[in-house]
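Colleague: Just so you know, the protein sequences line up as chains X and L, in that order. Here this note's numbering is used: the first sequence runs in plain steps of one and ends on residue 243. Here this note's numbering is used: the second sequence runs in plain steps of one and ends on residue 630.
Be a bit skeptical, because a hint or two may be false.
[What the hints assert, rightly or not] Derived CB-CB ranges, DEER-like: (1) L:Asp-271 - X:Asp-98: 31 to 39 angstroms; (2) L:Glu-31 - X:Ile-222: 23 to 31 angstroms; (3) X:Glu-189 - L:Glu-208: 37 to 45 angstroms; (4) X:Glu-143 - L:Lys-200: 52 to 60 angstroms; (5) X:His-44 - L:Pro-458: 50 to 58 angstroms.
[Said to hold, decoys possible] Below are the PhoX-like pairs computed for lysine-lysine, each with C-alpha atoms no more than 25 angstroms apart in a straight line: (6) X:Lys-166 - L:Lys-32; (7) L:Lys-32 - X:Lys-165; (8) X:Lys-194 - X:Lys-168; (9) L:Lys-351 - X:Lys-110; (10) X:Lys-170 - L:Lys-307; (11) L:Lys-590 - X:Lys-194; (12) L:Lys-599 - X:Lys-59; (13) L:Lys-46 - X:Lys-110; (14) L:Lys-307 - X:Lys-194; (15) X:Lys-129 - X:Lys-168; (16) L:Lys-351 - X:Lys-59; (17) L:Lys-599 - L:Lys-527; (18) L:Lys-150 - L:Lys-22; (19) L:Lys-608 - L:Lys-595; (20) X:Lys-59 - L:Lys-150; (21) L:Lys-621 - L:Lys-599; (22) X:Lys-127 - X:Lys-117; (23) L:Lys-46 - X:Lys-117; (24) X:Lys-117 - L:Lys-621; (25) L:Lys-527 - X:Lys-110; (26) L:Lys-25 - X:Lys-59; (27) L:Lys-25 - X:Lys-215.
Hints listed in this document are in silico derivations from the structure and should not be mistaken for laboratory results. Ideal placement from N, C-alpha and C gives every residue a C-beta, glycine not left out.
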Amino acid sequence: MSINGKNPKATDNFLDIRVVFTKTDRARYISHLDLYRTMQRAFKRAKLPIWYTQGYNQRLYLNFGLALSLGFESFCEIMEFRIVDDIPLEELQQRLSKVMPEGLKIVKLYYPVMKMKDIAFSDFSVRFVTENPQDLQKSFDSFISNDSIIVYKKNKKKQLVETDLKPHINLLSSTIEDNVFKIVLRLPAGNTLNINPTLICDKFISEVNIPIENVYYTREKILSVNGDDFI
Amino acid sequence: MIPSKIEKVLLQVEKPSQYIGGELGSIVKDKSKVDVRFAFCFPDMYNIGMSHLGMKILYSLINERPNYWCERVFAPNVDFEKIMREQNIELYALESLEPIKNFDFIGFTLQYELSYTNILNMLDLAHIPIFAKDRGNELTQIVVAGGPCVCNPEPLADFFDIFILGEGEEVNLELMDLYHDMKKRGASKSEFLEKACHIEGIYVPSLYDVTYNQDGTINKIVPKGNAPKTIRKRIIKDFDNVYYPDTFVVPYSDIVHNRASVEVLRGCIRGCRFCQAGFIYRPFREKSAKKVCTQVRDLCENTGYEEVSLASLSTSDHSQIEPLLTELIQYTDKEKINLSLPSLRIDNFTDTLLEKISGVKKSGLTFAVEGSNQRLRDVINKNVSEEEIMNTCRIAFEGGYSSVKLYFMMGLPTETDEDILGIMDLAKRITDLYYSVPNHPKGRVQISASVSTFVPKPFTPFQFEPQDTREQIEHKQSLFANNPHKNLKISYHAPDTSILEGVLARGDRKLSAVIYDAWLNGAKFDSWQEHFHFDIWQSAMEKNNLTMEFYASRRRSYDEILPWEHLNYLVSKDFLIKEHSKAVNQQVVTKNCRLQCSGCGVNKEVGRACFEY
C-alpha cells in the first residue's frame, strides 16, 4: 500500500482521498461547522476505516478546501479524508453515497493530484430573479465597467479595510433567461485571497433601483493558479 | 421544495437550518396516501426540543403505520417569528413544510410549566383558535397533550381537547385508530371526544365541571354524561419489549444533547419526597441488559452518533448495571463512542463503576445531595449518609477527578438557616477530604454547588407544603453571599421563575385566563432568562383577581380537594399523606422499594407486587 501521508507525527499508514460533492437544495442551509459534524456522522454510518487525529481527544480527520457561505449552492465542494485500509475508490464512493443526507451528493472520489494550497480561483454563478432582467443587465454592465469598485472587507485580523475589488473580478458571462439575469464571476479563492461574490452583488444591489425578488449564488468550479481545473 | 415565501427570509434569521427539515432520518410521506396527520409540537426551540426522547419514540412509532404521518414542529426564535407574522407565514411542520392548522392532531408535550405560554404562541402562529371552545365541531384539528405536567394539566384545561396520561406507546395509536374510524363514518368532534374519554389514559377536560368554594379552593370536580369519574394513567407492562426506535432524526446543527439515547429503566425505587418524577412514573421496570446493548448498537449504526447516553431516573439502580456497562463499554470503546451516564446515585457509586466510566472523556461528576445534613435529608427521604457522600467523593478524587458538582435545594420543609449554612460546611469537609487523599490530582479542588429553589409538586408527599416566599428565598440566598468559601462556587438564580413554577404546578382552571392574559401581553419563552418578565404575570394575576400566594405559598390541608384529584397516577393520596407526616412530624425515612414495600398503592392498581421480597 502506498503512503501519501503528510503528517510527520502520524504513526499509521494512510491514504489521502479527495471527495468532490454537491451541496444543494435544503443542504444550502447547513453552516460550515455543521457540515463537518454532518460528514463526521456520515462516515461513521458508512463504517469506513477512517484515520482519526492523534492525541487524547481523537476526532475524524476531515479537511475542507474552501468554506461555502450559508445559503450558497455548490456542485464542486471539496474535502479530504484519510483511509487506513486500501479500499477501491469505487467501493468507497458507493458506501459513502449510501449514507449521505439529502442535498449532499458525491460527484467523484480520487487520489489528490494538486495540493489544497494550489486553489486560486472559484467560479460563481449569480442569479437575480427580477421582473426586469434587461434593465438589470444594462445596469450591471455599467456597474462592472467602473474603474474601481470599493467595498469594506474584513481582513485576516477582522478589521474592516477599504478594498478595491475591480482588479480581482473576472466576468465570464452575462445572460438572461425568462425572469432571471445570470452572471458568472471568476474570483480569487484560497489561502491568499478570498473574494465573496456577495461583496460585489450587495454593492450592486444597493446602487440599483430595479426591484429584485431574490438572488441565488452557486459555486460552479474551483480552479488552480494557472486557471486549470483544480484536481 | 421549500415554499418560496419561507426561502426568501431564511438568510435573514439565525440558524436557518432549524426551519427547513430534510435531516437524515426524517420521514417524508406522500400525503395522498396518508389518512391521519399528527403534528408533534415541542413548545420550545429546535435546539432544545430535538433532545427530547419522548418525541423521538412517538415520532418513529406513529410513522411505522404507513397511513399515519407524524411530523415535527418547534417554536420559532423571536427573529423568525417576527418575520412569520409580518409575511403571514403560518406555523408549519418540518417534514412536509405545510401549515399545521389542517392537520388531524396537534400534539404538545408538557415538559415544564414555564413552557405554557409557548404553547399558546404556537397555536396562534398556526392560526388555530387558542381556546378549545372556539374551534368548531368538525372532526379535525384535535389539540392534545402528553408528558409529565399532564399530571396536573388544569391550568391549560381551556386550551386542550384531550390530555393523555402516562406512557404513550399504546394509547396514542389507540386514539388515532378511533379517530380514523370515526372520521370515516362522518362523526363530529364532540362524538369523538365522548367516545375517546373511555380509552384508559384519555382525559377530556371539557367533560368535567369544576366548582369552587368561597375561599377559592375546589368544591367538586364533576364528570358530565357518562365520562369516567377518574382517569387512570397508562403504563407499559412489558417494558423490555415495548417499541423503541432504531434510528433518530439527526440534526445538522448542534443541539443541547446531540447524541443517541437509550432508556434503561422507568420509575424509581427511592421515593424522595420532593420528586414528582419518582412517583408519577411508577412502577419500577427495567430493560434487560441484552436489550439495552442491542438498542445502543442499532441507534449508533443508523445515526453515526459519536456519543450515547443511558436515560433513566436513577441508572445505578439497575439491577444489572455492572454487567450491562461491561458489555456496553466493549462496544463503545471499539467504535470510539463516548458513553454518558447521567443520573448516578451518590450512595452506590463504587470504584468498579468509576473504573468503567473512567475510560470515557472526563466531563466531571455530578451528584444530587439535596440536603446538607442528615436531619434534612431524612425529612426529604434522600437516603444518603454523610459517610456515603465522603466515600463517593474519595473514589472520585482517587480516580482522577478534581472537580465535583453537587445539587442542593433550598426551601425544603422544616429547613432552617443552619441547614443553608450547612452547605458551606459540607463543601469544606469535602475540600479537606480532597487534600487528605494521598493520590489526588494535582492542583486545587473545585467544588461547585447548584442550589435551586424547591417547588412543591402534585403527586408528592410535599404537595401539601407551602413554597418559600420571595422574602424567605432571598434571605437564604443572602446567606451564601455573606459567607463565601474559597474552593466553593455556589450558583442559584432569582426566585421569580421558581415562584411562577410554584403557581402553575399546583394551579387550577382559574389560571387558564391568567396564562392567556400573560401571553397576550408578551409572555413567551418564560424559561429563558432574557425573555422572562415577571411583571407581566403579576399583572395577569391581578387582572383576574387572583394571587400567587394562594397557589404557591399556601399550605394545603389533607382533605382539600386538589385540582388533580380526579387523575389517578396509581399512588394513593393516603400514602402521600402518611409520607408527609413521616417527613415533617417524625423526620424519619422510608426505605427504598427494593428493600421494603412502602405500600404506595401501585401494586394494588397494577395487580402484582413490584419486587419479590
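Colleague: Check whether the Cα positions of Lys-46 (chain L) and Lys-110 (chain X) lie no farther apart than 25 angstroms.
Modeller: 20 angstroms, holds
Colleague: Holds or violated: Lys-621 (chain L) and Lys-599 (chain L), Cα atoms, limit 25 angstroms.
Modeller: 22 angstroms, holds
Colleague: Does the beta carbon distance between His-44 (chain X) and Pro-458 (chain L) stay inside 50 to 58 angstroms, or does it fall outside?
Modeller: 37 angstroms, violated
Colleague: With the threshold set at 25 angstroms, check whether the alpha-carbon distance from Lys-351 (chain L) to Lys-59 (chain X) stays at or below it.
Modeller: With a Cα-Cα distance of about 12 angstroms, the restraint between Lys-351 (chain L) and Lys-59 (chain X) holds, given a limit of 25 angstroms.
Colleague: Quickly compare the C-alpha distance for Lys-307 (chain L) and Lys-194 (chain X) to 25 angstroms and report which way the hint goes.
Modeller: 59 angstroms, violated
Colleague: Mind checking the alpha carbons of Lys-25 (chain L) and Lys-59 (chain X) for me, to see if they're no more than 25 angstroms apart?
Modeller: The hint is violated at about 38 angstroms.
Colleague: Does Lys-527 (chain L) pair with Lys-110 (chain X) here, judged by a C-alpha cut-off of 25 angstroms?
Modeller: This hinted pair is violated, its Cα atoms lying about 55 angstroms apart.
Colleague: Against the 25 angstroms threshold, does the CA-CA distance of Lys-129 (chain X) and Lys-168 (chain X) hold or violate the hint?
Modeller: 17 angstroms, holds
Colleague: Does the alpha-carbon distance linking Lys-117 (chain X) and Lys-621 (chain L) stay inside the 25 angstroms limit?
Modeller: Measuring from Cα to Cα gives roughly 58 angstroms; hence the hint is violated.
Colleague: Starting from Lys-194 (chain X), check that the Cα of Lys-168 (chain X) is at most 25 angstroms away, please.
Modeller: Not OK: Lys-194 (chain X) and Lys-168 (chain X) at ~31 angstroms, beyond 25 angstroms, violated.
Colleague: Under the criterion that the straight-line Cα-Cα distance not exceed 25 angstroms, is the pair Lys-351 (chain L), Lys-110 (chain X) satisfied?
Modeller: 23 angstroms, holds
Colleague: In this structure, is the beta-carbon distance linking Asp-271 (chain L) and Asp-98 (chain X) contained in 31 to 39 angstroms?
Modeller: Given range 31 to 39 angstroms: holds, Cβ gap about 34 angstroms.
The earlier numbered hints that this structure contradicts are 3, 4, 5, 8, 10, 11, 12, 14, 17, 18, 20, 24, 25 and 26.
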